[in-house]
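Trainee: Please put together the full structure from these sequences, using the hints given.
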Amino acid sequence: METLTGRSTRRERALVPVLVFLSAVVAVISSLGAPMIPTIATVDHVPLSEAQWSLTVTMLVGAVSTPVLGRLGDGPARRTVTLSAAAVVVVGSVLAALPLGFGWLVAGRALQGVGLGLTPLAIATARDSLPTAASRSAVALLSITTVAGVGLGYPITGLIAESFGIHAGFWFGAVISALALVLAALVLPPTTGRERRPPDALGAVLLGLALVGLLLVLSEGETWGWAGARLWTMAAVSVLLLIGWIWHELRTAHPLVDLRSLTSPVVLTADVAGLVAGVGMYLLMSLVIRYVQTPTGTGYGLGASVVIAGLVLLPFSAFSLLSGKVVPVLARRTTPALVLPLGCTVSLVSTLFFLFARDHLWGLLVAMGIAGLGVGCTFAVMPGLIVNAVPAHEVGSAVSFNQVLRYVGYSTGSALCGAVLQAHTEPGRQLPTDDGYRDAALIGCAVWVVIGLVTIVLPRLSAVTASRRGALVDEELMVDESIVDGVAGESEVPVLRAGESEVPVLRAGAER
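FYI, in the numbering used here the residues of the sequence shown are 679 to 1190.
Simulated from the structure, these hints should not be mistaken for laboratory data. Think of the CB as a built atom: it goes at the ideal place given N, C-alpha and C, for glycine as much as any other residue. Hints are not guaranteed to be accurate.
The calculated label-pair distances, taken between Cβ atoms and stated as ranges, are [stated by the list, open to error]:
1. T1012 x G981: 41 to 47 Å
2. L880 x D1113: 45 to 51 Å
3. V1127 x W1040: 23 to 29 Å
4. L761 x H932: 21 to 27 Å
5. G977 x V1128: 27 to 33 Å
6. T1023 x G906: 35 to 41 Å
Mentor: This is the structure:
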């Protein structure tokens, strides 16, 4: 394991705060476009559907760049890759801030999307550069930061945009991203002892095209029409590209993502949970933001400003950070394998709260606070599960793939919100009926029930399947030890992958 020298004690102490700040900056910048879409449409004289690209393009570029950065970060150039990506974010922030027109703003937002791949690099850095116990708590904190940062981004950028204009919001992003770059350059340790592997260019192209197609289908479904030939053609092509990518990854010597390592029950559960939990999280957030701003003349809604809508999300951020303290307690006082389904249950309660108490501001605040706790608990344990279940040289790639699945889940949740509300919008009207929010909330409840069941059933089914193929997998031990190690970290747990013999995952006191 890479260690910092005694001369670098100060840098070691600063490493976790800098990594957390870097992840928080990325999360805030990724949310810059959302509260400002109506203002962008007005200032740049473009339709709302075009202004939406200021948010969509960031997610598209992030989905493509994240697995590529993750694979590059698994090699000896992780520090260089991290600083280069952060520098691209700074350039994109400045480009978006300058009053050059809508096209340049979208280009800047695209460059900012590269930063969405920085969190997996930060997680891999913490895993390799910190003592074992400290690295596990840092990994959980970094995962929660990406969730909390989204809730912080909406009120901050909304307030700045309303008070000083949209360009001031992007200048804010430029300043904090530049600060993060400087701090990272001062603190990030070099990466040593890693083999340089050739990049999987074909895999990156296939996955990138497939993800761009799928995310375009999700984000543009309302504009193109969910029954349109263009949408379904793109969906079919994207699925074929995804199948081609899987076929290629299983046969190339140096894959972009080692899919075989992702078939272990622990990693598979974390990935499926990340995808579906992302749907539930963004479905609720989208509903709350739209409901709060709905004029009271419709018979429902609160008629609040974009700033108030953003402030409603603050409890989400606060309680998601609090979950970092709750998860260790849950892991020690209950069965650790229950942390994921328990987080899903808490998230279900938050959606039910929105369903029955959405007519009051206090009800929405409580709902978002509960959601922050539930989502925070769910996402906090995922990186720890993955980090302890894959080899050290695959951490960046595996965590990046999990992050991509979250992004797909986020886009799906946002698109699902729009589709359900559009289905409840009467001809000639711009706003949906209140029944649309009710039905969307019920769908959200179903999402959390499904993922809660998956986190319980999938590990057991995977273990049974593996045992039938002759694999000696003790699934319960793997899940329990992986989550506990995310908090305390002890002993050594054998991890068995399909077609391999036992591969030891080293714990506290041992070299990785």
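Trainee: Which numbered hints turn out to be false for this structure?
Mentor: Hints that this structure does not satisfy do not exist here, as all of them hold.
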